[in-house]
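Engineer: Sequence order for the protein chains is A and B.
Using the working numbering, read the first sequence as starting at -12 and increasing by one per residue.
Using the working numbering, read the second sequence as starting at 507 and increasing by one per residue.
Since the hints were made in silico from the structure, they are not lab data.
Be careful, since some hints might not be right.
What the hints assert, rightly or not - Not the full set, but computed from the structure, chain A residues with beta-carbon under 10 Å of chain B:
1) F102
2) M106
3) I112
4) L115
5) Q118
6) A121
7) M128
8) P227
9) F238
10) S239
11) P277
12) T278
13) P287
14) I290
Stated by the list, open to error - Lysine-lysine pairs mimicking DSS-like chemistry, simulated, CA-CA at most 27 Å apart:
15) B:K620 to B:K703
16) B:K684 to B:K703
17) B:K816 to A:K105
18) A:K105 to A:K194
19) B:K703 to B:K618
20) B:K690 to B:K703
21) B:K620 to B:K690
22) A:K194 to B:K815
23) B:K815 to A:K105
Said to hold, decoys possible - Listing some non-contacts, in silico: residues in chain A with all C-beta distances to chain B over 12 Å:
24) Y76
25) T148
26) F149
27) W197
Every residue gets a Cβ at the ideal spot worked out from N, C-alpha and C, and that includes glycine.
Here are the chains, one letter per residue:
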Amino acid sequence: MQMSPGSRKTLLRQVPTVVWVLLGMILFFARFAPAFFTLKNAVNLLTQGSILMILCMGVIVVKITGGIELSVGAVMTLAGMVMAWALAYAKLPIPVALLLSLIVGGLCGLLNGFFVTKMDIPSFIATLGTQGIAAGISLGMNNGNVIWGLPASIGYLGNGTFLHLPVPMWLSVLAFLCSFTLLNFTPFGVYVYALGGNEQALVLTGKPAWWYKTLVYVYAGLMAGLAAIVITGRNMCAQPTVGLGMEFEAFSAVVLGGSFAAGRGTAIGTVIGVLFILILRNGLNVMGIPTYIQLAIIGPVLIGAIVLSVLVEGGAQK
Amino acid sequence: MTLKSFLLRFSRLLALVLLSMVVAVLNPNFLKISNLINIVRQASPQIIISAGMTIVLLTGGIDLSIGSVVTLASIIAGYVLTQTKLHWSIAIVSALGSGLLCGLVSGILVAKVKLPSAIATYGMLWVGRGLAFAIMGAFPYFGFPNAFRYIGRGILLGIPVPIWIMVAVALVVYLFLKYTTLGKSIYAVGANPYAAKASGLRVDRILIYTYMLSGLLAALGGIILTARLNAVDQDIGAPFLLPAIASPVMGGTSMTGGRGGIGGTIIGTLIMTVLVNAMNLLRISSLWQQFAIGLVVVLAVWLDMWIKKKTA
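Only chain A is shown next, with the shape it has when bound in the complex (with noise of 0.2 Å):
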């Protein structure tokens, strides 16, 4: 994409077509579901989808290594019941009860990295091999009940506000500036993009690529273990069952998001592609279409998103 800078029309063209389709969309919610171009509901979207955010801010880094995470939403829902059975049964305080979530989230992640730089297992098999794992724990380790009896106060971390906004929401801000800072102004952000473009330079420059490798899954991990915290704060319990499916919604975000291909994509592209399936679900919501219809309508239009932005900017530009 080398334009000449300045003139207009190269200007616009810089702007992924995922924004025009999004704007378009956001154009028709507002004239049809009046209820949604509000300030309320727009900080109630941001509140509800701010799980959906974290989550992709870990899967985008791995996404850009040309890996596919499929465990986070499961990694999730267990770093969630282990930190709500360290508050409620074992009586842990609440500090060393998140830092148990961020733990398990991130041992989960390096169970992945193992998996995939240690036993050579394709990235797809190794995640849902750790799926798997992690779904099964958190569904045996309490019988497959929901734990409850947690403090009162950790529903601030998924009710509370700071400032006047809500708290997921500015963990969600604080997990994208994670992400855009690690991505853009640091030399493992340079790793990063290398494993996805050419990996076998990077591992001739001498640099240990599996360990980096292995990192991005824990990373990815530690935000499955931060959306953890602001799931169970919410919710006010751990349901052993609350992150099924988070992974693939995850992967279209980040798709959609520009992440087409290995060494492609971007911390600001997955915020909007985040965003794209946020609006999508929250106007159909407000305009009070039924679910099974819903559901009938978001895949189409994220099908046509998608192949529109692919045909649009010239493929996967390989």
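Once you've looked at the hints, dock chain B against the given chain A.
Structural biologist: Chain B alone, transformed into the frame defined by chain A:
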């Protein structure tokens, strides 16, 4: 044949036999003929669905829409059977047709629009799911005619009909991959698409046929399932997707294309079915089954990689 090459060739079969022996020692009921037939019957729809995935994997692609094609085909069959007065054979034809159509769309998105297959078929996953919801609304279909249910529950010469269908499909797919031009081209496309194109193969067309086959087999699996359950809802197909990916890979089909086959897929599926069956026989809570399956999938793939490395 040296021990090495023997191990390499039959490592997965060995794993299946080993697993079966362990289970048989723990619970002698496992080896009862009725239980063994039961296992194969339970595995049949999954094997048929996984066969389609195997063919797509051979081209180096992946078909994530398989689960929702199963759902869509089942719901279309259910719709024709319960909401119209048409003959039950029309239900089968329209279900198979819907599978072919889904495959055609995925195939065009992959071959002509040049979308990565994971993305194209993932979109198809949502489209199929959406269509299924739009057709059915909120209420499941149930109570199908006996002639249709025979496909899922009938017994022919002492063996359940789903097993007959599965064996026929496996045989046809085996012969197709081994002896037909199209079948051999599928391996060539997967091994090296540029070389395949350079040597005059019509890669676009081969890819489109591949996804259509995958859709067709998913629909067939859905029909058997619908006939067996005598009811259909929107969640009927989704659980088939992950095993459909895991079983070919466990059976030695490479995810990067060009290597593998239907035989390994059958063994891979059987390993997983035996595992679930064993956990039921040993009264292990179903809550832990997902954990065990996750672990076994990873270990089986790793074992495969390890043996390859050692014998290479």
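Engineer: Decide, hint by hint, whether the structure agrees.
Structural biologist: Right, here's what the structure says about each hint:
1. F102: Holds. Min distance 6 Å.
2. M106: 5 Å, holds
3. I112: 5 Å, holds
4. L115: This hint holds: L115 of chain A lies near chain B, its Cβ roughly 6 Å from the closest one there, short of 10 Å.
5. Q118: Constraint on Q118 of chain A satisfied, holds at 7 Å.
6. A121: It holds, given that the least Cβ distance between A121 of chain A and chain B is near 8 Å, below 10 Å.
7. M128: OK, holds: M128 of chain A within 10 Å of chain B, min 9 Å.
8. P227: Since chain B brings a Cβ to about 8 Å from P227 of chain A, closer than 10 Å, the hint holds.
9. F238: 7 Å, holds
10. S239: This interface hint holds because 7 Å falls under the 10 Å limit.
11. P277: 8 Å, holds
12. T278: 8 Å, holds
13. P287: 6 Å, holds
14. I290: 3 Å, holds
15. B:K620 to B:K703: The given pair, whose Cα atoms are some 15 Å apart, holds under the 27 Å limit.
16. B:K684 to B:K703: 20 Å, holds
17. B:K816 to A:K105: Holds, because 15 Å separates the two Cα atoms, which is no more than 27 Å.
18. A:K105 to A:K194: Measuring from Cα to Cα gives roughly 16 Å; hence the hint holds.
19. B:K703 to B:K618: Holds: K703 of chain B and K618 of chain B sit about 14 Å apart, inside 27 Å.
20. B:K690 to B:K703: Holds: K690 of chain B and K703 of chain B sit about 14 Å apart, inside 27 Å.
21. B:K620 to B:K690: 22 Å, holds
22. A:K194 to B:K815: 24 Å, holds
23. B:K815 to A:K105: Given pair K815 of chain B, K105 of chain A holds - Cα atoms ~13 Å apart, limit 27 Å.
24. Y76: Holds: least Cβ distance 18 Å, greater than 12 Å.
25. T148: Label holds. Min Cβ-Cβ 35 Å, cutoff 12 Å.
26. F149: 36 Å, holds
27. W197: 15 Å, holds
Of the numbered hints given earlier, the model fails none.
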